[in-house]
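Q: Sequence lines, in order, name chains U and A.
If you count by our numbering, then the first sequence holds residues 1 to 323, one letter each, in order.
If you count by our numbering, then the second sequence holds residues 1 to 321, one letter each, in order.
Hints listed in this document are in silico derivations from the structure and should not be mistaken for laboratory results.
Predicted model, so just to flag it, every value in this text is computed and none were measured.
Beta carbons: idealized from backbone N, C-alpha and C, even for Gly.
Check each hint, because a few of them may be wrong.
[Unchecked claim] Which bits of chain A does chain U cover? Going by a derived footprint, with three or more residues having C-beta under 8 Å, they are:
id	region
1	219–229
2	236–247
3	311–319
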Amino acid sequence: MEKVLDVRELKVALRRDVHRSETEILKGVEFSIGKKESLALVGESGSGKTLTAMTVMGLLPENMSVKKGEVLLCGRDILKMSQQELRDVRGVKAGMIFQEPSSYLNPVFTAGNQIFEAIKDTSLSVKEKKKRCIDVLKDVGFTEDIYYRYPHQLSGGQQQRVMIAIALVNNPSLLIADEPTTALDVTTAAGIIELLKILMERYGLSLLFITHDISLVSNFVDKIAVMYAGRIVEITDAKMTMDMPLHPYTEKLIACLPERYNSGEKIKTIEGSVPDFHNLPSGCPFHPRCPYVMEICRKSEPPVVKKYGILVRCFKYGMSMET
Amino acid sequence: MRRYILFRLLQFIPLLLGMTFVSFIIIQMAPGDYFTQMQMNPDVSPQTIENMRRTFGLDRPVVIQYFFWLKNIFRFDLGVSFSYHIPVSFLIKQKLKNTLALSLFSIFLTWLIAIPLGIFAAIKQGRWHEKILSFLAYIGISLPAFLIAMLMVFFAARTAILPVGGTTSVFYIGATGWEKFLDYLGHLLLPGLALTFAGIGGLYRLMKNNFLEVLGAPYIITARAKGLSPVKVYFKHTLRNAINPMITIFGYTLSSVLSGAALVEIITNWPGMGRLMLDAVLSQDLYLVMASLLIGGVLLIVGNLIADVLIAFVDPRVRLR
Chain U
1 MEKVLDVREL KVALRRDVHR SETEILKGVE FSIGKKESLA LVGESGSGKT LTAMTVMGLL
61 PENMSVKKGE VLLCGRDILK MSQQELRDVR GVKAGMIFQE PSSYLNPVFT AGNQIFEAIK
121 DTSLSVKEKK KRCIDVLKDV GFTEDIYYRY PHQLSGGQQQ RVMIAIALVN NPSLLIADEP
181 TTALDVTTAA GIIELLKILM ERYGLSLLFI THDISLVSNF VDKIAVMYAG RIVEITDAKM
241 TMDMPLHPYT EKLIACLPER YNSGEKIKTI EGSVPDFHNL PSGCPFHPRC PYVMEICRKS
301 EPPVVKKYGI LVRCFKYGMS MET
Chain A
1 MRRYILFRLL QFIPLLLGMT FVSFIIIQMA PGDYFTQMQM NPDVSPQTIE NMRRTFGLDR
61 PVVIQYFFWL KNIFRFDLGV SFSYHIPVSF LIKQKLKNTL ALSLFSIFLT WLIAIPLGIF
121 AAIKQGRWHE KILSFLAYIG ISLPAFLIAM LMVFFAARTA ILPVGGTTSV FYIGATGWEK
181 FLDYLGHLLL PGLALTFAGI GGLYRLMKNN FLEVLGAPYI ITARAKGLSP VKVYFKHTLR
241 NAINPMITIF GYTLSSVLSG AALVEIITNW PGMGRLMLDA VLSQDLYLVM ASLLIGGVLL
301 IVGNLIADVL IAFVDPRVRL R
């Protein structure tokens, strides 16, 4: 299958000026998204989900740098691109939407202005560009008058739809959605998810969806990649995850979901907290919180193994790919 | 918008009344008045002093005096100066022109230099360009304007590059209009530059910090994620938001044109409002002080109004209300 996004062994480090040292935040992230395929990156805050997305857009903060790996977007490695090439790719090959649409829209420009300026096709006339803006606005379920509105005149859900319009105006192959529903209330969030489904079909989009809520995506995306401490610990078919989580972390994540409990029953949590990147535990980073911890987990990092067609990083399922 | 401005203009009236009333009372609360010093003079008889007090209305209760003063204000009569024995309006007219020329010159120059430098430094944050500029700004903020003025007077007197003191040269009489203008400008340069040097540092830092703050805003990430050029990211998305607080500051700056330059005026012997106001306050020249305060108050309120209108003009969130 043709791959729209292929991330290989991506390592990203944070530079700390105080100690003149570097801390690795992403420790070899690997996943790929095919054409019209959708993948959700799931994990707790601080596991490196957003950082992965920012790397794909070539938007790493200045104190972060890529140490190793390849990020192939439509076949071209964005890590090898010049700034100018990156600007040409952004918006055109991949669009991105964010967590809080209210702060990600510039308050002093109209929605139309912000969509209009995103159009990259220089062969279009002003009139054609404006028509394109209005077409996209209609695609996200608006009428033309939203073009002239300022962000503060729109509700949270409307703002997020404007963001989607901005991301889709150049007809990109990939849409990156970084927790797009977290700041919205439940019904609005459901509306956004429905809209994304429709747009994926209409635009032939591939989707990289970032969330901490595994239940939100399990019946909506094709694949789920669970991240923990800068690594992907499990990549599975979304439909299988809920019933058959392999990695102990995934299992725990699902066990925490409130909808799995009857009223009055106490909801379980994962004991302990996400480890500090500057001070990761030895061996498997999850071992201090893991109920199945073995001697080997404390000593060495588990390799990726394949079990029932699922890629998982855990010694529970053997020592190497062959087993 | 028009209703808003009208409303604000109406608000001026109680504001100005309150301000002038309070300052009038406070000035009069100081022991004695202008004529008290005259009593020390054995050549002036107590009867004369009493007569003068009566002519100027100083023998009546303070509140009554205030309303007499107010009545005259509505007739555009600012009263007579005790020490100069000429109408205050005539006295101020001469000096106000010089002070306005000096203040506006230095404000214009300060903004013209500080704003672009602030933006440049914010873009180059952490690099050597910014470090040098910020170091210079630090020095500029540490040195008070009057000290810079003193150093410049000293420098100008030694090298004779710039004329020192006054507004005109000896050959001013008989010069053509253009030559007169250039001569005036030459004299303006020294106090004007002193004020500018003193003002750049603070304004530079404000602009730089505003710009940096906006650069960290999420919508800048959106702009970059769209693949916009740095020119658009900086000068469309960042500048439009970073300039808002500067407009408020511009309003305040307008309100200080009258008194902001006072110390520098006195040191460089620039015949402006500074010396006039200082002398007036020291000698309790009541109506002269009141007139200066009134002009200052009007400038403050008008400056703020201009700032508010400009803000509404650039920020759609304010425009609605």
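Q: Which hint numbers does the structure go against, in order from smallest to largest?
A: Hints that this structure does not satisfy do not exist here, as all of them hold.
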